[in-house]
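Chain residues, written in single-letter form:
There are 2 protein chains.
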Amino acid sequence: MDAAEFRRRGREMVDYVADYLENIEQRPVYPDVEPGYLRSLIPTEAPLEPDNYDDIIKDVERIIMPGVTHWQSPYFFAYFPAASSYPAMLADMLCGAIGCIGFSWAASPACTELETVMLDWLGKMLKLPEHFIAGTHGHGGGVIQSTASEATLMSLLAARCKAVRRVQETNPERLEAEVLSKLVAYSSEQFCATLGTTSSCAFDHITELGPICNEENMWMHIDAAYAGSAFICPEFRPLLNGIEFADSFNFNPHKWLLINFDCSTMWVKKRQDIIGAFKVEPLYLKHENQESGRHWQIPLGRRFRSLKMWFVFRLYGIEGLQAHIRKQVVLAKEFESLVRADKRFEICAEVVMGLVCFRLKGSNELNQLLLKRITESRTIHLVPCQLSGLFVLRFAVCSRVTDSGHVQHAWRQITQLSCEE
Amino acid sequence: MDAAEFRRRGREMVDYVADYLENIEQRPVYPDVEPGYLRSLIPTEAPLEPDNYDDIIKDVERIIMPGVTHWQSPYFFAYFPAASSYPAMLADMLCGAIGCIGFSWAASPACTELETVMLDWLGKMLKLPEHFIAGTHGHGGGVIQSTASEATLMSLLAARCKAVRRVQETNPERLEAEVLSKLVAYSSEQFCATLGTTSSCAFDHITELGPICNEENMWMHIDAAYAGSAFICPEFRPLLNGIEFADSFNFNPHKWLLINFDCSTMWVKKRQDIIGAFKVEPLYLKHENQESGRHWQIPLGRRFRSLKMWFVFRLYGIEGLQAHIRKQVVLAKEFESLVRADKRFEICAEVVMGLVCFRLKGSNELNQLLLKRITESRTIHLVPCQLSGLFVLRFAVCSRVTDSGHVQHAWRQITQLSCEE
Numbered sequence: 001m002d003a004a005e006f007r008r009r010g011r012e013m014v015d016y017v018a019d020y021l022e023n024i025e026q027r028p029v030y031p032d033v034e035p036g037y038l039r040s041l042i043p044t045e046a047p048l049e050p051d052n053y054d055d056i057i058k059d060v061e062r063i064i065m066p067g068v069t070h071w072q073s074p075y076f077f078a079y080f081p082a083a084s085s086y087p088a089m090l091a092d093m094l095c096g097a098i099g100c101i102g103f104s105w106a107a108s109p110a111c112t113e114l115e116t117v118m119l120d121w122l123g124k125m126l127k128l129p130e131h132f133i134a135g136t137h138g139h140g141g142g143v144i145q146s147t148a149s150e151a152t153l154m155s156l157l158a159a160r161c162k163a164v165r166r167v168q169e170t171n172p173e174r175l176e177a178e179v180l181s182k183l184v185a186y187s188s189e190q191f192c193a194t195l196g197t198t199s200s201c202a203f204d205h206i207t208e209l210g211p212i213c214n215e216e217n218m219w220m221h222i223d224a225a226y227a228g229s230a231f232i233c234p235e236f237r238p239l240l241n242g243i244e245f246a247d248s249f250n251f252n253p254h255k256w257l258l259i260n261f262d263c264s265t266m267w268v269k270k271r272q273d274i275i276g277a278f279k280v281e282p283l284y285l286k287h288e289n290q291e292s293g294r295h296w297q298i299p300l301g302r303r304f305r306s307l308k309m310w311f312v313f314r315l316y317g318i319e320g321l322q323a324h325i326r327k328q329v330v331l332a333k334e335f336e337s338l339v340r341a342d343k344r345f346e347i348c349a350e351v352v353m354g355l356v357c358f359r360l361k362g363s364n365e366l367n368q369l370l371l372k373r374i375t376e377s378r379t380i381h382l383v384p385c386q387l388s389g390l391f392v393l394r395f396a397v398c399s400r401v402t403d404s405g406h407v408q409h410a411w412r413q414i415t416q417l418s419c420e421e
Numbered sequence: 001m002d003a004a005e006f007r008r009r010g011r012e013m014v015d016y017v018a019d020y021l022e023n024i025e026q027r028p029v030y031p032d033v034e035p036g037y038l039r040s041l042i043p044t045e046a047p048l049e050p051d052n053y054d055d056i057i058k059d060v061e062r063i064i065m066p067g068v069t070h071w072q073s074p075y076f077f078a079y080f081p082a083a084s085s086y087p088a089m090l091a092d093m094l095c096g097a098i099g100c101i102g103f104s105w106a107a108s109p110a111c112t113e114l115e116t117v118m119l120d121w122l123g124k125m126l127k128l129p130e131h132f133i134a135g136t137h138g139h140g141g142g143v144i145q146s147t148a149s150e151a152t153l154m155s156l157l158a159a160r161c162k163a164v165r166r167v168q169e170t171n172p173e174r175l176e177a178e179v180l181s182k183l184v185a186y187s188s189e190q191f192c193a194t195l196g197t198t199s200s201c202a203f204d205h206i207t208e209l210g211p212i213c214n215e216e217n218m219w220m221h222i223d224a225a226y227a228g229s230a231f232i233c234p235e236f237r238p239l240l241n242g243i244e245f246a247d248s249f250n251f252n253p254h255k256w257l258l259i260n261f262d263c264s265t266m267w268v269k270k271r272q273d274i275i276g277a278f279k280v281e282p283l284y285l286k287h288e289n290q291e292s293g294r295h296w297q298i299p300l301g302r303r304f305r306s307l308k309m310w311f312v313f314r315l316y317g318i319e320g321l322q323a324h325i326r327k328q329v330v331l332a333k334e335f336e337s338l339v340r341a342d343k344r345f346e347i348c349a350e351v352v353m354g355l356v357c358f359r360l361k362g363s364n365e366l367n368q369l370l371l372k373r374i375t376e377s378r379t380i381h382l383v384p385c386q387l388s389g390l391f392v393l394r395f396a397v398c399s400r401v402t403d404s405g406h407v408q409h410a411w412r413q414i415t416q417l418s419c420e421e
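Which chain is which? The protein sequence lines are A and B, in order.
Position 287 (the first sequence) corresponds to 287 in full-length UniProt numbering; numbering is contiguous.
Position 300 (the second sequence) corresponds to 300 in full-length UniProt numbering; numbering is contiguous.
Identical chains blur together in the list; that is why a pair holds if it fits in one copy or across any two.
Within a straight-line C-alpha distance of at most 35 Å, the following computed DSBU-like cross-link-like pairs (lysine-lysine) qualify:
hint : residue 1 : residue 2
1    : Lys372    : Lys286
2    : Lys162    : Lys182
3    : Lys58     : Lys286
4    : Lys270    : Lys182
5    : Lys372    : Lys343
To be clear, the hints were calculated from the coordinates, so they are not data collected in a lab.
It should be emphasised that the depicted structure is a prediction, and the values quoted were computed from it without experimental measurement.
So that you can see chain A by itself, here it is in the shape it has in the complex (with noise of 0.2 Å):
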C-alpha cells in the first residue's frame, strides 16, 4: 500500500469510524458469540500472497463486530468508561505516522518534552501540590504510564529501592536480599490508597493515612485510575484533599477524560527517586542531553501519547472537559432517583460520582439472575460487584454520548427484567 492508496482508504476509514459511532447504539451492545467463535470464521494461517483490502473491511463486519463488546455505546454501564473522543483519535493517527519511541530525549525530543509540559497542565488543572509540577523549581513531575497497575507497580519499585538504600546508608554491611525479606507494604482490600475504588468508588481517608506514612517514614502511592479525571471540576476536589503528604499519584485519563486508552498519568514528589530506580543506560542510549532523559518505566519504547493530551485539552478546553464529567455524574443521579423509587430495589453505597451500585432488596441469587437476564438481553451491558458479602449491580455512565434517554430506556429494562423471589 503506497500513500496514493491510504489517501483512499484512510478516508474510507475515516467514514468507517465515524459511521460505526454514530450508529453505535443500534448495534447489540453484548455479543452473542461463544468462545472460539472466530477461530472457525478465519483460516488456520497466514496468506503467503497479499489479500484484497476490500475482503478484509467486508471482515471486519463479518468476523469482529459480531464479537465485540461495544464500549462506546450509550448503553454500555459495565466497568468503567474507556474515553474515546475524536480529537484523541485524530492526534492518535499523527502520533502512528511519526512512529518515533520514545525512551530518552534524543530518541524525540518533542516527545519527552510535550509529555512534560502536559502533565503539568494536567497537575495544575488537579490543583496538584506545587512539588509534583516539573516546570516549577520542585523536584517532582508527571509521567504517562500505559495503564494504573504499572504505576502502581512502579510505585512498589521505587519505595523498595529506597527503603533499601536507606538502611544500607546506615548499615552498609547489610545485603540487599537481607533487607528486602524485612520489607513490608501495607495495603487495603484494594491494595494500595484509593481514591474511587473499581467496585463501589469509595474512598479511602487520605488526609488520615497521610500523616501515619509520613511519620512512618513510609512511602505513599494514591491512585484515582478512575475518580481522577472529576477532581477538575472545584466542587470534587476536595476529595483530593492529603494529597499533599503522597509520594506517587495516578489516575487514568483514558477512564474519564476524553483520551483514548491508553494514557495512565502519574506523579512523583521527587524525580529523583523513580529516576535511581529504572537507570539503563547503555551507550546507544546516551546522548549529549543525557539529564533530559527519563527511565520513569518498565517499558523502554514508548508512543507519542502526550499528543493526544494536547489535542484533547486543546480542542475541549477545561470547561468542556468539565462539562463532560458532570454530566455523567448527572445521569449516575438520574439513575440513582429511579432506584430509590423504586421500592422492590436498594442503593448500596453513596453515589459520588458516575457509578451507582443498586441490587434487588433479597438474595444474592435473585440478583444474579437479574444480570443473567440483562446480560442475556444484550440491549444493555452491566456487570457486578461484591460489596459485604452481596452481590451488586454495578451501573457506570460510560459513553461520551450518554444521555437522560438512554437511562431511562436501561430503567425500563431493568425493572422488566426483575423478577420476585
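The hints should help you fit chain B onto chain A, whose structure is shown.
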C-alpha cells in the same frame, strides 16, 4: 467535535500523514533543538475554552515537528527500526474507534480471540514448536505484550512463581520469603538468552544453553526483540534452532515486521505457568466463559492490537513481509561492502541481518568525533555502541522506504565527515 467534523478533520489528517511520510526525507532527520525548547513555545496552562483546530495543526508544524527525530526517514539508521506501515495505521484507526479494553474474554471476545489466532499465525510463520501454538492440542499459546521489557519481566515473574511452588510442594513448611531469597536468575551481559542483541545483533548459542536449562529445571526465556521478525525467512530460521528448549519466547513485530508500536509478541510453552502467576479475579471481571479470559500481562487494560497484525499479515502476505526483511538485509550488506572497501574503516561484528557495526581504525576519540559530526550534520542519524571496550558506530537499516540511494548517500556523508588522527 461531532462526527461530521471528524469526517472533515479525519480526511485532512489522512492527507497530513500521507504528506508527512511522502516528503519525510526533506526534513532534517535529527532535530536542532536544545532541552526545554518546547516549554517556551507553549502556554503554561491548558485553555479554559476550546482552541481553534486550525491553530493546533499549525502548531504541529511550529512546535512539534522541529523537535521530532524522524524515525521513519530513510536517513534514520539509529537504534533499531520502529515498524510503520499504512495497513497498520488503518487498523489502529479502527482499534481507536472500537475503543474496547480487552482485559477478559467478555470485555470483547473478538479482541481476545483474534489475538490468540494471530499469535498462532505468527508462530507458524516462525515455525515455532507446536507446543507454543494455542490452536493445536498443546498447552501453550501466545500473547501481545507492550514491549520486550514487559515480556522479560513477565517470564521472570512466572519463573519465580513456578520455582516457589515447586519448592513448597516438596517442602510445604518453607516460607515464600525464605524461598525467594534463595532463587537465582542467570543472565548474560544482555540479560537473558538473546537472539540479536541491541548493540551488535549477536546471537546466543541457545542449542547449548537450552539443554542445560532443561536438565537443571530452570526456566529459559529467549528474547529476539529485533531479529525475531527475520525468522519468517527460511534462510534465517536456523538461528532460532534450540527454541524447543525454551519455556517462553518473545520478539517485537513493532520493530521489523511493519506493525506499528506497540506489539511485542510472546509465547509460553505452558499456559498454566503464566496464568497461575497473574490470576486476578474480582467479581466485576468474572463472567460465564471465565476460562477463555487471559491475564498474561502486567496491565489489566489492553488495546485491540491484534487488528494491526491481521491487517498487516493479510495486506502484505508472508511473501511481502519476507521481501521487506530481505531488502533491508541486502541494504545492510551493501553498506558493509562500502565499509570493507575503504581501508580507513573496519567492520566490528558479523553482519547477519540489518545492522552493521563499524568504526574508523584508530582511537575511540576519533570515532566519537566522527559520530559527533554526523549527528550535527542532521542529514543522517546513527547511534554508537560499545564492543569489547571499543566505541563503535551502528548503522541499522530502519525505514520501510530506505533504498540503495539512501545507503550510498549515507556512506558519502560518513566518509566526507571522517577525519584522521
